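**Student:** One letter stands for each residue in the lines below.
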Amino acid sequence: MSQPINLGPRSWLSYRGGSGYLLWALHRVTGLGLLLFLALHIVDIFLLAFGPAAFEHLLVLYTSPPGRLMEIFLLFGVLFHAVNGLRIIVQDLFTKSWERQRHDRLIVVQLVVFLLIFLPAAWIMFGSFLESLS
Amino acid sequence: MRVLFKVYRYQPETREDAYFDSFEFDAEPTDRVLDGLNHIKWHLDGTLTLRRSCQHGICGSDALRINGVNRLACKVLIGDVGSKIKIEPLMGFTVIKDLVVDMDRFFSHYRSVMPYFVNDEAPPDRERLQSVEARDAYDDTTKCILCAACTTSCPSAWSNPDFIGPAAIVQAHRFIFDDRDEGSEERLAALGQRDGVWRCRTVFNCTRACPKEIQITKAIGEVKKAIVADRS
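Line by line, the protein sequences are chains Y and U. With our numbering applied, the first sequence corresponds to residues 1 to 134, in that order. With our numbering applied, the second sequence corresponds to residues 135 to 366, in that order.
Just chain U, same shape as in the assembly (with noise of 0.2 Å):
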């Protein structure tokens, strides 16, 4: 099939302002959008500037505005989003090059969350197990990657930079519901900052947006319980 890729450019070395450039070649509709982006920085023009590297949907630095809405580029079908497709970068962070974001406020909200395990006990001889039932709380929330499609899907995060973010709180919500750890009660009153969970407007953009089909809108509401309940 006939594509036509129309993509953001901003070079900030040769020209001040950002514009769209169209690219039209011939590709199959099993092919992924990050090939057409691929294919288009080898053969077409090299000066194009994008994220990539496993390139399966796991290491989550290709999330990108195809069509208007945020997508990883490695999991799209060009069959499934048409012949024309317009390719942005992630909205709300300052753009470096072309389709590249200075992702530095998001890893700064995430880190804000202590990401990790937090327990000071001895570690036991063997590992510390955990019930089915208990590792079920917080199974959704591990399959974040990362790529923040959900944070800059968020109409909240667009308006408010210090606003935590879904990711952040993703991350958060994988740690809180772990019965082995011990840092919740931070955690909970990180987020339950004026920028923390209660920027959440329910508007469910970052749930449609998750690439890894985290119920994210869900998980907010959780940690919002949890805040309520360590409060009462």
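Pulled out of the complex, with its shape left as it was, chain Y reads as follows (with noise of 0.2 Å):
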């Protein structure tokens, strides 16, 4: 009797892949988190059937401590979603960039991209966190 093997999630952890490997998990990981951000969004838009009041009863979440935390991972996942994107595109439009080492370079000019939007708008946000707990 043989068994297949290393399928598991276990597995495709415990693989020792790249940079490469690393972005395409992450990449996959924040598209989920922003489906299910989409979902919360046609969720509370959808509220505004039942009145004004049950609408803006779900908009205090989002101006919690909590919420104000979430935003800045939503401002992660879209952010690193979309200048990974533009990376697979770049690629995809540039033979010569599938070359492991400019593949290695372009790795670090996109997180150079992500890191300059990012940080400073992260802190931002991180004060209106800090805000909301007050």
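Please note: incorrect hints may appear among the correct ones.
Here are the simulated lysine-lysine pairs, BS3-like style, with alpha carbons at most 30 Å apart [what the hints assert, rightly or not]: (1) U:Lys175 / U:Lys231; (2) U:Lys358 / U:Lys346; (3) U:Lys358 / Y:Lys96; (4) Y:Lys96 / U:Lys346; (5) U:Lys359 / Y:Lys96; (6) U:Lys277 / U:Lys359; (7) U:Lys140 / U:Lys220; (8) U:Lys209 / Y:Lys96; (9) U:Lys277 / U:Lys209; (10) U:Lys209 / U:Lys231; (11) U:Lys218 / U:Lys140; (12) U:Lys220 / U:Lys277; (13) U:Lys140 / U:Lys175; (14) U:Lys277 / Y:Lys96; (15) U:Lys175 / U:Lys346.
Pulled from the structure, derived: some chain U residues nowhere near chain Y, Cβ distances all over 12 Å [claimed, not checked]: (16) Arg136; (17) Phe157; (18) Arg185; (19) Cys288; (20) Ser318; (21) Gln327.
Computed footprint of chain U on chain Y; a stretch qualifies when at least three of its residues, placed anywhere within it, have a C-beta under 8 Å from a C-beta of chain U [as the list claims (entries may be wrong)]: (22) 20–33; (23) 45–51; (24) 97–110.
Hints listed in this document are in silico derivations from the structure and should not be mistaken for laboratory results. In this text the structure is predicted, and so the values were computed from the model without any measurement. Virtual Cβ for every residue (Gly too), placed ideally from N, Cα, C.
Now that you have both chains on their own, put them together as the hints suggest.
**Tutor:** If you want it as structure tokens, here you go:
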């Protein structure tokens, strides 16, 4: 009797791929996160059908401390997914960038762009989070 | 140096589940991982089952997952991987025994891209001449030794057994970009299918795993472009 192996989530996590593997995994995770947020967003808009009170009741969630914190994660998800997606489009258009060394350089550029936008924005949003605590 | 080999074992005749066996012994840092596995088989436990043939990085039969990443056991030095070495069979294939996996599916994908020269013209009196530039177009992909390190490092191949896999695409690339070959249309049609090249997600695990340092993701990209050009 033979057995299939190494196909569970544990072995996926245990494979020591490089930066491309990590970015691919993050792209999937942030994609799922965005899908969840989209579902939440559709639900909160739908609540308008039950009148302004119900809608505003849910809006309080977004201004609460956990809501503010979630927004920082949301920014991370949207920004990472967008920048990584743009990098993949660039690679699709320019075959030379599929060489490993160029790919590695492109990832550095991608991370710099991501951090340049994310860090200041997250800092400002963290201020809002601290304000919501007081 | 003292080394500890942690080796994946699956012996269906004696035990139903898979487990890890540990072996500790002295080795030189310049010994290859395969030397360590041979030492285990020849001196410590003769039941250890693994594939190896040429032992010089040409036959491609001893690709294994070494410390979490696909490598050829005969090309990796023990000194380069450290004193604790975890050996597992290639991911995504059915294990037959210990480190030996069933590669039938791998070779059926390989055969599906017609990995041979196609040209129905009458053979010339001498060899079919080719320019240096034309040869360069597919030089990289001639190096493939069919070890399956790339295909079994690919998340798309793990999740979808029907995905043709990087190795078959590399083999197809070798003939698609050979200007003497005339079978490209059929190959591109096969690779343009749902489970062909488009399952590649640019993860680069294959390029990193290749023991012959073939730019696999680049080759896949070139085939993708050729398919698009062929359709337009």
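**Student:** Is the straight-line distance between the alpha-carbon of lysine 209 of chain U and that of lysine 96 of chain Y 30 Å or less?
**Tutor:** 28 Å, holds
**Student:** Is the nearest CB of chain Y more than 12 Å from the CB of phenylalanine 157 of chain U?
**Tutor:** Holds: least Cβ distance 21 Å, greater than 12 Å.
**Student:** Lysine 175 of chain U and lysine 346 of chain U: Cα distance at most 30 Å?
**Tutor:** 27 Å, holds
**Student:** Hinted pair, alpha-carbon criterion (30 Å max): lysine 96 of chain Y, lysine 346 of chain U. Please report holds or violated.
**Tutor:** 19 Å, holds
**Student:** Cut-off 8 Å, C-beta pairs, minimum 3 residues; does the coverage of the segment 20–33 of chain Y by chain U stand?
**Tutor:** Held - the segment 20–33 of chain Y has 3 residues with a Cβ nearer than 8 Å to chain U, which meets the minimum of three.
**Student:** Do the alpha carbons of lysine 277 of chain U and lysine 96 of chain Y lie within 30 Å of each other, as the hint requires?
**Tutor:** 19 Å, holds
**Student:** When you look at the beta carbon of glutamine 327 of chain U, is every beta carbon of chain Y farther off than 12 Å?
**Tutor:** 19 Å, holds
**Student:** If you draw a straight line from the CA of lysine 220 of chain U to the CA of lysine 277 of chain U, is it 30 Å or shorter?
**Tutor:** 28 Å, holds
**Student:** Mind checking the alpha carbons of lysine 359 of chain U and lysine 96 of chain Y for me, to see if they're no more than 30 Å apart?
**Tutor:** 12 Å, holds
**Student:** Taking a Cβ-to-Cβ distance below 8 Å as contact, does the segment 97–110 of chain Y have at least three residues touching chain U?
**Tutor:** holds (count 4)
**Student:** Tell me if the straight-line CA distance from lysine 175 of chain U to lysine 231 of chain U falls inside 30 Å.
**Tutor:** Measuring from Cα to Cα gives roughly 14 Å; hence the hint holds.
**Student:** Has the given pair, lysine 140 of chain U with lysine 220 of chain U, been kept, meaning a C-alpha gap of at most 30 Å?
**Tutor:** 5 Å, holds
In this structure, the earlier hints numbered 19 and 23 are contradicted, and the remaining ones agree with it.
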